[in-house]
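Visitor: Sequence:
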Amino acid sequence: MAARNISVSLPAPETPAPKVAPKSGAPRPGRGAPGISPPGSMDAADRARLLAGAHHDPHSLLGAHPVPDGVVFRALRPYATAVAVSVNGQRAELDDLGDGLFGTVLPLEVIPEYTLLVTYGNDEYEMQDPYRFLPSLGEFDLHLFGEGRHEQLWKALGAEPMVHQGVTGTRFTVWAPNARGVRVIGDFNYWDGTAFPMRSLGFCGVWELFVPGVGEGALYKFEITRPNGSRTQRADPMARSAEMPPATASVVHQSHHKWRDEEWMAGRGRRPVHLSPFSVYEVHLPSWRPGLTYRQLADQLPAYVSDLGFTHVELMPVAEHPFGGSWGYQITGFYAPTARLGTPDDFKYLVDALHRAGIGVIMDWVPAHFPRDEWALAEFDGR
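Going by full-length UniProt numbering, 100 is the number at position 100 of the sequence shown; the sequence numbering is gapless.
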């Protein structure tokens, strides 16, 4: 029976996948002789750094790479009892190298397309290998970021659902220039990042990992190894969505909102700003009429502001923040509207409604306050 294609997350107990039967005649690597390192072994220092979550380039160790005898395959699956690779319907077992590492060398001339066959308990699962993919963030993005003039950071950093090299998944990127290593953790790997180390993309301090099979709604954080060797689990500063407080995880988000404010956007560009009326109504959304959601506010706030003769609203900080009783200036992420009032698309619905009522929107955006919560921005990747 063919294996079911699943994401890289460990299988949920209530939904076991069918087991893959070995194919006769398929290649199977031999075990190393006593005292001889088995095929697929790696340098001891690299191995130690990888297992400690402190390697800057795990993609250079894991995945498939050309070697003099063929192609070496390596996988890090700490809870697996066995790992194999499937190439063109043929399987080859990887040697157990200890500490959750598996590897071998196959006599191949080129690196093939392949999937991993991973056994947990008595069940085997077929999955994509995150370490066979090229970087999913382009050099131009890194160039602009390094120069400090990237104007769409929310597209370059954070969690971006995408199709990469023909595979659906999510790109995770984070800026942590002081980190010795970064892993992504989430509900898709049971909050254990051992098998999900990210790679450094060079001088700019950005770390990246494309995780196949992870999509909208997944919860995640970054596990950062700081310069002193300590580890910390942090919410994503560039997340587009966050869990409802007091929960603290970031949420993979993909917008489905269809904007209907074309008339406002077109007119805004035609009006000379210095000659136009400008009267601002400042509002703290959670306390304006307590209990209203973003969508309920969209039904009431535009008409209220218009009737009073204001041309704009200024929204006091709407980004996620730990303490709901505050004005919201101690933010924990720059681009995630607080989940207390709804989803990011619900917030867009409110902005859309204001624009369609002829009301401009100004937002208090707070880039300089760093809450000291252990999962937040202060000392994010060390001192």
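These aren't lab readings, by the way, just hints derived from the structure by calculation.
Do not rely on the hints blindly, as some may be mistaken.
As the list claims (entries may be wrong) - With a straight-line cut-off of 20 Å between C-alpha atoms, the simulated EDC-like cross-links for lysine to aspartate or glutamate are:
{"#": "1", "residue 1": "LYS348", "residue 2": "GLU379"}
{"#": "2", "residue 1": "LYS258", "residue 2": "GLU216"}
{"#": "3", "residue 1": "LYS258", "residue 2": "ASP192"}
{"#": "4", "residue 1": "LYS348", "residue 2": "ASP373"}
{"#": "5", "residue 1": "LYS155", "residue 2": "ASP69"}
{"#": "6", "residue 1": "LYS258", "residue 2": "GLU139"}
{"#": "7", "residue 1": "LYS348", "residue 2": "GLU282"}
{"#": "8", "residue 1": "LYS348", "residue 2": "GLU243"}
{"#": "9", "residue 1": "LYS155", "residue 2": "ASP345"}
{"#": "10", "residue 1": "LYS348", "residue 2": "GLU216"}
{"#": "11", "residue 1": "LYS155", "residue 2": "ASP141"}
{"#": "12", "residue 1": "LYS348", "residue 2": "ASP364"}
{"#": "13", "residue 1": "LYS258", "residue 2": "ASP141"}
{"#": "14", "residue 1": "LYS348", "residue 2": "GLU262"}
{"#": "15", "residue 1": "LYS348", "residue 2": "GLU263"}
{"#": "16", "residue 1": "LYS348", "residue 2": "ASP261"}
{"#": "17", "residue 1": "LYS258", "residue 2": "ASP352"}
{"#": "18", "residue 1": "LYS155", "residue 2": "ASP129"}
What the hints assert, rightly or not - Restraint ranges, calculated between C-beta atoms of paired labels, are given here:
{"#": "19", "residue 1": "VAL110", "residue 2": "PRO227", "range": "25 to 31 Å"}
{"#": "20", "residue 1": "ARG270", "residue 2": "VAL110", "range": "54 to 60 Å"}
{"#": "21", "residue 1": "HIS274", "residue 2": "MET162", "range": "24 to 30 Å"}
Everything numeric in this text was worked out from a predicted model, so none of it was measured.
Positions of the beta carbon are idealized from the N, C-alpha and C atoms, including for glycine.
Visitor: Confirm or reject each hint.
Guide: Status of the hints after comparison with the structure:
no., hint, verdict
1, LYS348 to GLU379, "violated (31 Å)"
2, LYS258 to GLU216, "holds (17 Å)"
3, LYS258 to ASP192, "violated (36 Å)"
4, LYS348 to ASP373, "violated (28 Å)"
5, LYS155 to ASP69, "violated (41 Å)"
6, LYS258 to GLU139, "violated (30 Å)"
7, LYS348 to GLU282, "holds (18 Å)"
8, LYS348 to GLU243, "holds (18 Å)"
9, LYS155 to ASP345, "holds (16 Å)"
10, LYS348 to GLU216, "holds (17 Å)"
11, LYS155 to ASP141, "holds (9 Å)"
12, LYS348 to ASP364, "holds (16 Å)"
13, LYS258 to ASP141, "violated (26 Å)"
14, LYS348 to GLU262, "holds (14 Å)"
15, LYS348 to GLU263, "holds (16 Å)"
16, LYS348 to ASP261, "holds (11 Å)"
17, LYS258 to ASP352, "holds (9 Å)"
18, LYS155 to ASP129, "violated (24 Å)"
19, VAL110 to PRO227: 25 to 31 Å, "violated (40 Å)"
20, ARG270 to VAL110: 54 to 60 Å, "holds (57 Å)"
21, HIS274 to MET162: 24 to 30 Å, "violated (41 Å)"
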